[in-house]
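2 protein chains.
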Amino acid sequence: MSKQLPLVAMDACCAPLAREPLTQDQAVELSQLFKAMADPVRLRLLSLIASHAGGEACVCDLTDAFDLTGPTISHHLKVLRESGLITGDRRGTWIYYRVHPEVLARLSSVLTTTEFS
Amino acid sequence: MSKQLPLVAMDACCAPLAREPLTQDQAVELSQLFKAMADPVRLRLLSLIASHAGGEACVCDLTDAFDLTGPTISHHLKVLRESGLITGDRRGTWIYYRVHPEVLARLSSVLTTTEFS
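Quick note, the sequences are listed as chains U and Z, same order.
Heads up: the first sequence is residues 1 to 117, going by the working numbering.
Heads up: the second sequence is residues 1 to 117, going by the working numbering.
A hint or two may mislead.
No copy labels: a pair is met if it fits in one copy or bridges any two.
Result set (EDC-like, lysine to aspartate or glutamate): computed pairs, CA atoms no more than 20 Å apart in a straight line [what the hints assert, rightly or not]:
#1 K78 / D25
#2 K35 / D25
#3 K35 / E56
#4 K78 / E20
#5 K35 / D89
#6 K35 / D61
#7 K35 / D64
#8 K35 / E82
#9 K78 / D89
#10 K35 / D67
#11 K78 / D67
#12 K78 / E56
The hints are simulated quantities; they were obtained by calculation from the structure and are not laboratory data.
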């Protein structure tokens with residue numbers, strides 16, 4: 001069963017949280033994204049993928065950065081995919097991962113503060 | 001025992017995660033902040049405080065928005081305080097909470113993507 005977030009629901013979401021109170025639905029959606037990022041390995045994976053040449057990376061590009069088994073890395077990539085933060089595209093032997101830049105951009109926008117932006 | 005994050009360590013942190021890979025230390029620090037935000041109640045509390053008139057709110061301003069007991073709300077406020085996302089200042093009967101806008105601004109900056117910013 002796919003637990004991927006409905007990205008379409010994110011379209012209306014969200015004004016900066018410092019501008020107006022988040023609704024319950026917005027808070028639930030956002031909390032799922034932050035939960036996916038609430039792990040150092042997943043944050044580093046996200047960053048390695050986003051900053052990789054061409055904006056995409058396969059597991060073969062990612063494993064050397066970690067002292068972790070392949071299945072553990074695959075588990076974290078699955079969590080990132082299910083959250084909607086990254087996509088995976090199988091080409092030949094490998095799955096190539098890309099970030100959803102619009103999801104990161106929305107999260108960035110939600111955290112924008114008037115005072116410091 | 002205080003578990004508050006050393007805010008000074010955040011000063012050097014962080015370039016957008018899409019620009020260069022996060023270091024292990026940066027990823028650990030950021031994951032603790034995202035963990036504090038990985039809960040709908042805490043996100044709504046953060047948003048209620050940040051968007052409240054004058055940029056501060058006491059528990060008396062927050063409880064009506066939730067169908068939760070006082071101790072539960074206090075627990076979530078404590079997690080937010082320990083993460084460094086908010087501060088609390090006791091004045092008379094109440095503790096007044098404010099967000100650390102520079103912490104939100106740093107998180108926003110980390111999530112900025114070149115393509116969409």
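Worksheet item: Which of the listed hints are not met by the structure?
Response: Those not satisfied are hints 1, 3, 4, 5, 6, 7, 10.
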